[in-house]
Amino acid sequence: GQNIDQPTEMTATEGAIVQINCTYQTSGFNGLFWYQQHAGEAPTFLSYNVLDGLEEKGRFSSFLSRSKGYSYLLLKELQMKDSASYLCAVRDRLTGGGNKLTFGTGTQLKVEL
Amino acid sequence: DVKVTQSSRYLVKRTGEKVFLECVQDMDHENMFWYRQDPGLGLRLIYFSYDVKMKEKGDIPEGYSVSREKKERFSLILESASTNQTSMYLCASSSTGQGGYGYTFGSGTRLTVV
Chain A
4 GQNIDQPTEM
14 TATEGAIVQI
24 NCTYQTSGFN
34 GLFWYQQHAG
44 EAPTFLSYNV
54 LDGLEEKGRF
64 SSFLSRSKGY
74 SYLLLKELQM
84 KDSASYLCAV
94 RDRLTGGGNK
104 LTFGTGTQLK
114 VEL
Chain B
13 DVKVTQSSRY
23 LVKRTGEKVF
33 LECVQDMDHE
43 NMFWYRQDPG
53 LGLRLIYFSY
63 DVKMKEKGDI
73 PEGYSVSREK
83 KERFSLILES
93 ASTNQTSMYL
103 CASSSTGQGG
113 YGYTFGSGTR
123 LTVV
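If you're matching them up, the sequences are chains A and B in order.
First residue of the first sequence: 4, per our numbering; consecutive thereafter.
First residue of the second sequence: 13, per our numbering; consecutive thereafter.
Fair warning: there could be bad hints in the mix.
Think about it this way: if two alpha-carbon atoms lie no more than 20 Å apart in a straight line, the pair counts; the simulated DMTMM-like pairs of lysine to aspartate or glutamate are [claimed, not checked]:
hint, chain 1, residue 1, chain 2, residue 2
1, A, Lys79, A, Glu59
2, B, Lys30, B, Glu91
3, B, Lys67, A, Asp95
4, B, Lys65, B, Glu29
5, A, Lys84, A, Glu17
6, B, Lys69, A, Glu17
7, B, Lys67, B, Glu42
8, B, Lys15, A, Glu44
9, A, Lys71, A, Glu58
To spell it out: a stretch of chain B is covered by chain A in this simulated footprint if at least three of its residues, at any positions, have a beta carbon under 8 Å from a beta carbon of chain A; those stretches are [said to hold, decoys possible]:
hint, region
10, 30–41
11, 86–95
For each label pair, taking beta carbons as the anchor points, the in silico distance ranges come out as [what the hints assert, rightly or not]:
hint, chain 1, residue 1, chain 2, residue 2, range
12, A, Gln22, B, Thr27, 43 to 53 Å
13, A, Thr14, B, Gly52, 14 to 24 Å
14, B, Asn96, A, Lys79, 37 to 47 Å
15, B, Ser79, A, Asn33, 26 to 36 Å
16, A, Gly61, B, Val64, 49 to 59 Å
17, B, Lys82, A, Gly61, 35 to 45 Å
None of these hints come from the bench; they were simulated from the model.
Yeah, the Cβ is synthetic: ideal placement off N, Cα and C, and Gly gets one too.
Using the sequences and the hints, build the whole thing.
Quick look at the structure:
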């Protein structure tokens with residue numbers, strides 16, 4: 004089975020930097036994803052890591068350590084529109100083919116003035 | 013623009029009714045998934061399919077069934093709706109290829125069972 008843990012809530016100030024952590028335990032690891040979800044909307048893809056290290060994409064970066072079962076999402080220069088839920092998801096290879104994503108419960112980020 | 017389309021945005025059904033939630037994708041993806049999302053519980057996998065006519069149980073399949081007769085369409089069926097199935101239902105699809113192929117989600121169906 005899988006176990007994915009991330010903080011329930013975080014609050015940060017506009018213009019600041021925030022780091023959202025995710026730890027996981029899984030078999031057949033085949034990648035880690037971060038999604039953003041605004042209230043009432045579908046999740047949208049933010050980032051993907053399959054090898055150890057940092058992936059940078061504009062104001063968003065994501066880090067992975069496979070040996071530690073750990074990832075973080077880093078958001079820089081926070082804007083009010085970044086207030087959303089951030090979902091960590093782990094992809095597993097399936098023995099019968101295909102892949103499956105299991106999601107953490109999400110971290111609700113509130114950006115304040 | 014690639015899309016996953018869910019047939020209804022909002023649905024209200026009565027207890028005991030048979031409910032069909034439809035999902036269609038135009039990306040020729042092999043894999044399709046149904047999740048429900050509830051406050052504090054996150055996204056939970058109900059059923060998934062990695063090929064036509066194939067289906068696999070997810071983490072919470074009880075009370076649900078699925079159908080995948082064509083590659084582009086994946087239907088979720090509530091055989092006899094109950095109030096504890098009131099939830100947001102999200103369909104997603106993905107490619108089998110390796111790399112950053114995450115999920116593309118539909119816009120969701122908010123189902124209320126009264």
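A quick look at each hint next to the structure:
no.	hint	verdict
1	A/Lys79 / A/Glu59	holds (11 Å)
2	B/Lys30 / B/Glu91	holds (5 Å)
3	B/Lys67 / A/Asp95	holds (17 Å)
4	B/Lys65 / B/Glu29	violated (25 Å)
5	A/Lys84 / A/Glu17	holds (10 Å)
6	B/Lys69 / A/Glu17	violated (42 Å)
7	B/Lys67 / B/Glu42	holds (12 Å)
8	B/Lys15 / A/Glu44	holds (15 Å)
9	A/Lys71 / A/Glu58	holds (17 Å)
10	30–41	violated (count 0)
11	86–95	violated (count 0)
12	A/Gln22 / B/Thr27: 43 to 53 Å	holds (45 Å)
13	A/Thr14 / B/Gly52: 14 to 24 Å	holds (18 Å)
14	B/Asn96 / A/Lys79: 37 to 47 Å	holds (41 Å)
15	B/Ser79 / A/Asn33: 26 to 36 Å	holds (27 Å)
16	A/Gly61 / B/Val64: 49 to 59 Å	violated (38 Å)
17	B/Lys82 / A/Gly61: 35 to 45 Å	holds (38 Å)
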